[in-house]
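Order-wise, the sequence lines are chains A and B.
Residue numbers for the first sequence follow the numbering used here, beginning at 1115 and rising by one.
Residue numbers for the second sequence follow the numbering used here, beginning at 1087 and rising by one.
It should be emphasised that the hints constitute simulated quantities derived from the structure, not laboratory data.
Ideal placement from N, C-alpha and C gives every residue a C-beta, glycine not left out.
Where hints are given, some of them may not hold.
Claimed, not checked - Interface residues of chain A toward chain B, partial, derived using beta-carbon atoms under 7 Å:
| # | residue |
| --- | --- |
| 1 | Gly1130 |
| 2 | Phe1161 |
| 3 | Gln1162 |
| 4 | Gly1224 |
To be verified - So the derived label-pair ranges between C-beta atoms look like this:
| # | chain 1 | residue 1 | chain 2 | residue 2 | range |
| --- | --- | --- | --- | --- | --- |
| 5 | A | Asn1185 | B | Gly1127 | 25 to 31 Å |
| 6 | A | Gly1117 | B | Glu1101 | 31 to 37 Å |
| 7 | A | Arg1226 | B | Ile1146 | 24 to 30 Å |
| 8 | B | Lys1154 | A | Leu1125 | 40 to 46 Å |
| 9 | B | Gly1139 | A | Lys1127 | 45 to 51 Å |
| 10 | A | Lys1127 | B | Pro1165 | 27 to 33 Å |
| 11 | A | Phe1174 | B | Gln1131 | 21 to 27 Å |
| 12 | A | Glu1166 | B | Ala1087 | 26 to 32 Å |
| 13 | A | Glu1166 | B | Gly1102 | 46 to 52 Å |
| 14 | A | Asp1198 | B | Ser1089 | 17 to 23 Å |
| 15 | B | Gly1114 | A | Gln1155 | 38 to 44 Å |
| 16 | A | Gly1142 | B | Asp1094 | 34 to 40 Å |
| 17 | A | Glu1166 | B | Pro1165 | 43 to 49 Å |
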Amino acid sequence: ETGVTQSPTHLIKTRGQQVTLRCSSQSGHNTVSWYQQALGQGPQFIFQYYREEENGRGNFPPRFSGLQFPNYSSELNVNALELDDSALYLCASSFRTGNLLGTEAFFGQGTRLTVV
Amino acid sequence: AQSVTQPDIHITVSEGASLELRCNYSYGATPYLFWYVQSPGQGLQLLLKYFSGDTLVQGIKGFEAEFKRSQSSFNLRKPSVHWSDAAEYFCAVGASGGSQGNLIFGKGTKLSVKP
């Protein structure tokens, strides 16, 4: 059991709306990464938060934004939803110090977002 | 640019047979390589990882992988497959300057197991 929890598990939104997805990291972890997994594809890195700041970003537009809170939980916000945003959104938590690699990343079960 | 290729989209093996899933990567320096498994409706679980040292890496659930720099490959193997191994398998490489949470994944190989 990884200890990374995501909410909600499923969500349906209309094109143009905004959505917020939530992730509680595993106890002791200080880094949260977000991934988008489209149907039949591998996960794609969106961004990572470390010590409440964005620390690395993939090839996603600015309408994908995030937050990390003092308790290391995190939110992923997507504005102006498009049909192609329909996907499984995965959150992963890990622990980093000065060592970039840090510890193994543990994944949550994901939020299935459908945009209609 | 870093990338990962998994040439096989779908593989079917009989229970008890051996398994090899292929993974090729493109990376300028010494790569950090991972194999994850995803069961339907589940998140990803780490099977094994390679950072340095011995090129044959042992993982959980009886899986192993071999890093071959000359072939830019990191193939996953299991000597005897169980029905519970049916799932999707993803190979990943650690992004440059990133942590273990910053990964580039392949498109995955779906494994089906025949009784």
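Verification of the hints:
1. Against a cut-off of 7 Å between C-beta atoms, the interface hint on A:Gly1130 is violated, since the closest Cβ of chain B lies about 28 Å away.
2. The beta carbon of A:Phe1161 is not positioned within 7 Å of any beta carbon in chain B (closest approach about 9 Å), and the interface hint is therefore violated.
3. A hinted interface residue such as A:Gln1162 counts as satisfied when its beta carbon comes closer than 7 Å to some beta carbon of chain B; here the least separation is about 6 Å, so the hint holds.
4. A least Cβ separation of about 6 Å between A:Gly1224 and chain B falls short of the 7 Å threshold, and the interface hint therefore holds.
5. Evaluation of the 25 to 31 Å hint for A:Asn1185 and B:Gly1127 yields a pass: the beta carbon distance comes to about 27 Å.
6. For A:Gly1117 paired with B:Glu1101, a C-beta distance near 32 Å keeps the hint of 31 to 37 Å intact.
7. Checked against the hint of 24 to 30 Å, the C-beta distance between A:Arg1226 and B:Ile1146 comes to roughly 26 Å, which is consistent with it.
8. Against the hinted window of 40 to 46 Å, the Cβ-Cβ separation of B:Lys1154 and A:Leu1125 comes to about 42 Å, which satisfies the hint.
9. Taking the beta carbon of each, B:Gly1139 and A:Lys1127 are about 46 Å apart, inside 45 to 51 Å as hinted.
10. Distance hint for A:Lys1127 and B:Pro1165: a CB-CB separation of about 46 Å, inconsistent with the stated range 27 to 33 Å.
11. Against the hinted window of 21 to 27 Å, the Cβ-Cβ separation of A:Phe1174 and B:Gln1131 comes to about 25 Å, which satisfies the hint.
12. At roughly 29 Å, the beta-carbon separation of A:Glu1166 and B:Ala1087 lies within the given 26 to 32 Å, and the hint holds.
13. Taking 46 to 52 Å as the suggested C-beta distance range, the pair A:Glu1166 and B:Gly1102 conforms, at roughly 50 Å.
14. For A:Asp1198 paired with B:Ser1089, a C-beta distance near 21 Å keeps the hint of 17 to 23 Å intact.
15. A hinted range of 38 to 44 Å is violated for the C-beta pair B:Gly1114 and A:Gln1155, which are about 24 Å apart.
16. Between A:Gly1142 and B:Asp1094, the C-beta spacing of about 37 Å keeps the proposed range 34 to 40 Å intact.
17. Our hint of 43 to 49 Å for A:Glu1166 and B:Pro1165 holds, since their Cβ atoms are close to 46 Å apart.
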